[in-house]
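Spelled out from the first residue to the last, the chains are:
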Amino acid sequence: MNCLQTKGYFSAHLEDTLDNQTLKQFESHIAECASCQKEYDRFQASVKATQQLPEIEPSPDFVPLLWQRISDERTKIIPLWQRLSDLFNIPKWAIGGVLILVLACAGTLFYYDDIFNTEPQPDNRINLTDNISTEKNINTTSDQIRSNIIDQFFPQSFPRNIGGSDMFDTNSNQPMQQQYILKRVSYTTPTLAGGL
Amino acid sequence: MPETDDELMQRFQKGDADAFNCIVRRHQKPLINFIARFTGDRDNAEDLAQDTFIRIFKAANRYKPGRAQFKTWMYFIARNLCKNEIRNRGRRDRYRVDNVITNAQTSNGNEDQIDLIATAPADASFQPEVAIERKELRRATQNAIAELPEKYRFPLILRDIQGFSYEEISKILELPNGTTKSRINRARLMLKDKLKPFMELL
Chain A
1 MNCLQTKGYF SAHLEDTLDN QTLKQFESHI AECASCQKEY DRFQASVKAT
51 QQLPEIEPSP DFVPLLWQRI SDERTKIIPL WQRLSDLFNI PKWAIGGVLI
101 LVLACAGTLF YYDDIFNTEP QPDNRINLTD NISTEKNINT TSDQIRSNII
151 DQFFPQSFPR NIGGSDMFDT NSNQPMQQQY ILKRVSYTTP TLAGGL
Chain B
1 MPETDDELMQ RFQKGDADAF NCIVRRHQKP LINFIARFTG DRDNAEDLAQ
51 DTFIRIFKAA NRYKPGRAQF KTWMYFIARN LCKNEIRNRG RRDRYRVDNV
101 ITNAQTSNGN EDQIDLIATA PADASFQPEV AIERKELRRA TQNAIAELPE
151 KYRFPLILRD IQGFSYEEIS KILELPNGTT KSRINRARLM LKDKLKPFME
201 LL
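So the sequence lines, in the order shown, correspond to chains A and B. Quick note: the first sequence uses the numbering used here, first residue 1, plus one each step. Quick note: the second sequence uses the numbering used here, first residue 1, plus one each step.
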């Protein structure tokens, strides 16, 4: 047994838990090694010093204060999850998990409420081939609606055909999409500043 | 024959508040000592001990007698509270060991003065230097314990101050038995090295 191994057995020897063979090796090393013997003496002394530390007495009002605190805790407003946890004797994380699951289910039902609606829904889709024969018809109808709205809300000076083909200067070098954006800005921005 | 902790807990679970009072009175002193030695702060030790009892009070219905020893469970709770306390406390006042000594003196009616006064008339061979040295050694030992890393401090206090068995310490600290033994031996070796300058006093 070397010095390092001997130090590893200090506590076991002090508490008398070494087996016979290890005990013999330990004691023969200690008997031969003055350094280990000194270390072991100091080890025993420091353990004794720890064990002899004075006990701290509790203050006399420890128990009354404890009951006061318990009383305060009981009158405190306890959150619902805490109450549930105490009532059903289940951990808080389980309650949290159940609540999240319920909220997730409710959210899913709210968002996809038509999933569970089994009644047949009217088909509102426009059948392009039946009702509107050409793209031109769509444009015309759309322009007319816009014009009606503008008549209703804006003065006569407002251009009649916003977004229509006559809005754009065909001789301009700017692409049509850019012209459209510029026109929209010029019509809408002044309203914020005080009218068209 | 006094009732066991399990019997008292069973009574308390049935609504007998006196049983809880008995438990508190039985364990308050060792628990406060354990927390004070660990945190190095006596005043705070009482608060933390009360926190431990409040937790026990609240969780009493969950306690199953026989499944775990009451004392082990109580120290397990206290240990977690101590760890939280150390974590929450700033590095500045982490090792306020002086506080333990100072407060112990004030609350115990100045322990060391009592030592001096009480010993003097009875003991003809009374030596004030010895008493002062004893006080210095106590302070040095407490400082050395407080300076130990947390993982060594817990088992050392539980073993050498609280007197728990290795099995109980293993349960409280959730460690294998072998690890507990080696940590205690390591903690004692570290303590021995820290107390080297005070060897003449030992």
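Some clues are possibly wrong.
[Stated by the list, open to error] In silico SDA-like cross-links for lysine to any residue, where the CA-CA straight-line distance does not exceed 20 Å:
1) K58(B) <-> L80(A)
2) K24(A) <-> A12(A)
3) K38(A) <-> L23(A)
4) K135(B) <-> A146(B)
5) K171(B) <-> K14(B)
6) K7(A) <-> Y166(B)
7) K58(B) <-> L23(A)
8) K29(B) <-> K71(B)
9) K48(A) <-> M199(B)
10) K48(A) <-> A60(B)
11) K29(B) <-> W93(A)
12) K14(B) <-> R89(B)
13) K48(A) <-> E133(B)
14) K194(B) <-> W93(A)
15) K48(A) <-> I95(A)
16) K58(B) <-> Q68(A)
17) K58(B) <-> K24(A)
By construction, these hints were calculated from the structure, which means they are not laboratory data. Keep in mind the model is a prediction, meaning the values are calculated, not measured.
Hints, one by one, checked against the model:
no.: 1; hint: K58(B) <-> L80(A); in the structure: holds, 16 Å
no.: 2; hint: K24(A) <-> A12(A); in the structure: holds, 13 Å
no.: 3; hint: K38(A) <-> L23(A); in the structure: holds, 18 Å
no.: 4; hint: K135(B) <-> A146(B); in the structure: holds, 17 Å
no.: 5; hint: K171(B) <-> K14(B); in the structure: violated, 27 Å
no.: 6; hint: K7(A) <-> Y166(B); in the structure: holds, 19 Å
no.: 7; hint: K58(B) <-> L23(A); in the structure: violated, 49 Å
no.: 8; hint: K29(B) <-> K71(B); in the structure: holds, 13 Å
no.: 9; hint: K48(A) <-> M199(B); in the structure: holds, 12 Å
no.: 10; hint: K48(A) <-> A60(B); in the structure: violated, 37 Å
no.: 11; hint: K29(B) <-> W93(A); in the structure: violated, 34 Å
no.: 12; hint: K14(B) <-> R89(B); in the structure: violated, 38 Å
no.: 13; hint: K48(A) <-> E133(B); in the structure: holds, 15 Å
no.: 14; hint: K194(B) <-> W93(A); in the structure: violated, 44 Å
no.: 15; hint: K48(A) <-> I95(A); in the structure: violated, 50 Å
no.: 16; hint: K58(B) <-> Q68(A); in the structure: holds, 14 Å
no.: 17; hint: K58(B) <-> K24(A); in the structure: violated, 53 Å
In this structure, the hints that do not hold are numbers 5, 7, 10, 11, 12, 14, 15 and 17, in rising order.
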